[in-house]
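J.: Please build the complex by placing chain B on the supplied structure of chain A, with the hints as guidance.
There are 2 protein chains.
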Amino acid sequence: HSEFIANIVNVMLQLKKLGKEDPRRAIHSFKVAFAITLVSSFYYFNSLYHSFGSSAMWAVMTVIVVSEFSVGATLGKGLNRGLATFLAGVLGLGSYYMVHSISRGDHIIEPILLGIIIFLATAGVTYIRFLPQMKARYDYGLLVFILTFCLVSVSSFRDKEILKTAQDRVTTILIGGLISVMVCIFVCPVWAGGDLHNLVSKNIQKLGNFLEGFGDEYFGTLEDGESNKLSMQEYKSVLNSKQVEDNLINFARWEPCHGRFRFQYPWQQYQKIGNLSRQCAYRIDTLNGFLNNFSKTPKEMRSKIQEPCMKMSIETGKALKQLSVSLHKMIPPSAANTHIAASKIAATNLRSMIKTNLLEDYTNLFEVVPIVTVASLLLDVVSSTEKLAESIQE
Amino acid sequence: HSEFIANIVNVMLQLKKLGKEDPRRAIHSFKVAFAITLVSSFYYFNSLYHSFGSSAMWAVMTVIVVSEFSVGATLGKGLNRGLATFLAGVLGLGSYYMVHSISRGDHIIEPILLGIIIFLATAGVTYIRFLPQMKARYDYGLLVFILTFCLVSVSSFRDKEILKTAQDRVTTILIGGLISVMVCIFVCPVWAGGDLHNLVSKNIQKLGNFLEGFGDEYFGTLEDGESNKLSMQEYKSVLNSKQVEDNLINFARWEPCHGRFRFQYPWQQYQKIGNLSRQCAYRIDTLNGFLNNFSKTPKEMRSKIQEPCMKMSIETGKALKQLSVSLHKMIPPSAANTHIAASKIAATNLRSMIKTNLLEDYTNLFEVVPIVTVASLLLDVVSSTEKLAESIQE
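Protein chains in written order, with our numbering: chain A, 1 to 394; chain B, 1001 to 1394.
Next comes chain A alone, as it looks inside the complex (with noise of 0.2 Å):
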């Protein structure tokens, strides 16, 4: 009984974390609900009533099924619906007259006709839904076709007022659609763009955060108590990001013009950023396994290098965070540019340190050079982002 309040406050607890993180979520509810209020309330007018009979219904449906978290998302699905249901209506409906004049009426050969031509379009357009271009884009739209085409051309068979359902039913769904786009657009709008935008520079700042902590960690130059290694854990985040920047993209092709980001903004730009990022990524977790046995290295060792390693991570972090912050504020890199020319040259101190005078008392290759190695190859990965970030603000 008690595990079950416990339950309960818990998930309580976790809905209230979900809005502090993002007050939109709460704001998102609001909006979806209001849409969906006012069109059930058109239902109880007699007017709205009378004119369309139960496909009123389907405005309510549309609204809900619409109503998406982003403008992009929102735009790509009454697009999809609206499109699929045209088409669909007009070429079920088509098939059905030509299905009825070949048959003349006859009741056998005509449901007959008609489970033929419905096998074959749902087959071939559930088998189209697997290219991975329409699926990106347009699979809501197809799974809408083959309902569409399925209800037209089966109840077509049954109501003697096909004509008129059929056009009530567009008009409907297009009235729901507007309702859900207008409100989407118009009540606190969340762009799909906007938060790949930040998205993408929070991730690459993440990458940032790593670096600017990794030397004082690793080489355990903090005082007891203070640690980033939580902000620093922030960079897991990046590895798999691949799939909701993929997402958000898409979305974002939806959208119209708005803020910053002018018509065909060049949205796949992000792709090869969050590309290069995710590799920058994933030497950073190669890193981090080092982290972890770090203590292994022998003292006296660590010291030696201690000093251009640190300033190369630093410099590199410090430098991966101002492409963020130019990358959010759209302006040309200039400022990391002298932080990347500064890991160079801590770089290249490094190496030579290791050629004079190191090799003399080495002992432990194993536990000291992944740093190096793995900081130097950081290096390759800065310099490709800021090529990237920079051909962005062309």
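Hints may be right or wrong, so weigh each one.
Unchecked claim - Pair by pair, the computed Cβ-Cβ distance ranges are:
1) A/Pro266 to B/Asp1022: 50 to 60 Å
2) A/Asn198 to B/Asp1106: 44 to 54 Å
3) B/Val1244 to A/Gly259: 30 to 40 Å
Claimed, not checked - Straight-line alpha carbon distances no greater than 27 Å define the calculated DSSO-like cross-link-like pairs of lysine-lysine that follow:
4) B/Lys1236 to A/Lys202
5) B/Lys1329 to A/Lys242
6) A/Lys236 to B/Lys1135
7) A/Lys202 to B/Lys1135
8) B/Lys1242 to A/Lys202
9) A/Lys135 to B/Lys1020
10) A/Lys242 to B/Lys1272
11) A/Lys135 to B/Lys1236
12) B/Lys1020 to A/Lys272
13) A/Lys135 to B/Lys1202
14) A/Lys20 to B/Lys1135
15) A/Lys135 to B/Lys1017
16) B/Lys1236 to A/Lys272
17) A/Lys242 to B/Lys1311
18) A/Lys242 to B/Lys1242
19) A/Lys17 to B/Lys1202
20) B/Lys1242 to A/Lys135
21) A/Lys229 to B/Lys1242
22) A/Lys242 to B/Lys1017
23) A/Lys236 to B/Lys1242
24) A/Lys135 to B/Lys1318
Said to hold, decoys possible - Sample of chain B residues facing chain A (criterion: CB under 8 Å; computed from the structure):
25) Pro1023
26) Arg1025
27) Ala1026
28) Val1032
29) Gly1115
30) Phe1119
31) Phe1130
32) Cys1150
33) Leu1178
34) Arg1283
35) Thr1348
36) Asn1349
37) Ser1352
Just so you know, these hints were derived from the structure itself, not from any lab.
Everything numeric in this text was worked out from a predicted model, so none of it was measured.
Note that the Cβ used here is the ideal one computed from N, Cα and C, for glycine as well.
T.: Structure of chain B alone, referenced to chain A:
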């Protein structure tokens, strides 16, 4: 004009390729078409039409929306839809009767009260959809809940025979859901659990392929024309496999016992194995970065450490492939242990070689060491994967 034809030919080729890659896709399309034709042919028979009226349409709709590729996804959607429809129907009717008795049939108060209830219910449920554990398994159910709740309470205001309508609708949705689940399970079923099992073991195999080929590529010991670069690059798909795996795990948990997978099979274990193999893949991606600029390494340096390095990566690769095989066949991974032992011996050899006679003519540390370090890191990952593979065979 000719471009248009080229496009069509291109799409056709892609469609053919999709079917070749996985013939179950074509079968799935025919299954869905079969289920839909089955359900809509019911519509053509007078008996069903007369007893259910236009509600029969809901059966067609349910089949179309519920039919998914794998059994788990279909069952999950079907159960979600069935339960949510039932619950929302009962609650919707209940709230309608409550409002009706409070307002005593007043035509102004009644719609206002109904509107408030709809607003609160949809806002609440939409917000709950953001909970991660709800989103993973019950997202569709919550959507259907909102949909049905609104439709029932909205139409109860107009419909005189509301109880009959609700009953019809639940029955037709049950019929539709049952038909699609039956077709999905009994006609060439696609089990998400089996797919997950294959995916995870295939991913480990891809990692093994990379490591087996890595030595030859890095040291350039292959004859001209020969190259396994293509099969080595397969590991890249492992990097972003998390989303697919998580989805399959969610679907697999809906599935009844089948084949070698008994009831309450520990699907969550696959998440752990998947995470470990991705960790391993990040290391391999780092290694792959070194592969591309390997030409900088001086030849005499390379030839010295070639033997132990190649042995290490080949044996680790073999160990991973053995792990993949034993995971696939569900046998204890004893064969992998010998390979792991062999690669550990090679690592010790390499370590002592570096300590003793290599350092004298060390000139370019940066280009040689990476493989050594990462290969030793891989050993750790392999042994932990091994532990997990063992824990699954329990």
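J.: For each hint, tell me whether it holds in the structure or not.
T.: Taking the hints in turn, this is what the structure says about them:
no.: 1; hint: A/Pro266 to B/Asp1022: 50 to 60 Å; result: violated, 33 Å
no.: 2; hint: A/Asn198 to B/Asp1106: 44 to 54 Å; result: holds, 49 Å
no.: 3; hint: B/Val1244 to A/Gly259: 30 to 40 Å; result: holds, 34 Å
no.: 4; hint: B/Lys1236 to A/Lys202; result: holds, 24 Å
no.: 5; hint: B/Lys1329 to A/Lys242; result: violated, 31 Å
no.: 6; hint: A/Lys236 to B/Lys1135; result: holds, 21 Å
no.: 7; hint: A/Lys202 to B/Lys1135; result: holds, 24 Å
no.: 8; hint: B/Lys1242 to A/Lys202; result: holds, 21 Å
no.: 9; hint: A/Lys135 to B/Lys1020; result: holds, 18 Å
no.: 10; hint: A/Lys242 to B/Lys1272; result: holds, 20 Å
no.: 11; hint: A/Lys135 to B/Lys1236; result: holds, 21 Å
no.: 12; hint: B/Lys1020 to A/Lys272; result: violated, 30 Å
no.: 13; hint: A/Lys135 to B/Lys1202; result: holds, 24 Å
no.: 14; hint: A/Lys20 to B/Lys1135; result: holds, 18 Å
no.: 15; hint: A/Lys135 to B/Lys1017; result: holds, 16 Å
no.: 16; hint: B/Lys1236 to A/Lys272; result: holds, 15 Å
no.: 17; hint: A/Lys242 to B/Lys1311; result: violated, 34 Å
no.: 18; hint: A/Lys242 to B/Lys1242; result: holds, 10 Å
no.: 19; hint: A/Lys17 to B/Lys1202; result: violated, 38 Å
no.: 20; hint: B/Lys1242 to A/Lys135; result: holds, 19 Å
no.: 21; hint: A/Lys229 to B/Lys1242; result: holds, 24 Å
no.: 22; hint: A/Lys242 to B/Lys1017; result: holds, 25 Å
no.: 23; hint: A/Lys236 to B/Lys1242; result: holds, 13 Å
no.: 24; hint: A/Lys135 to B/Lys1318; result: violated, 37 Å
no.: 25; hint: Pro1023; result: violated, 12 Å
no.: 26; hint: Arg1025; result: holds, 5 Å
no.: 27; hint: Ala1026; result: holds, 6 Å
no.: 28; hint: Val1032; result: holds, 5 Å
no.: 29; hint: Gly1115; result: holds, 5 Å
no.: 30; hint: Phe1119; result: holds, 5 Å
no.: 31; hint: Phe1130; result: holds, 5 Å
no.: 32; hint: Cys1150; result: holds, 5 Å
no.: 33; hint: Leu1178; result: violated, 18 Å
no.: 34; hint: Arg1283; result: holds, 6 Å
no.: 35; hint: Thr1348; result: violated, 11 Å
no.: 36; hint: Asn1349; result: violated, 13 Å
no.: 37; hint: Ser1352; result: violated, 11 Å
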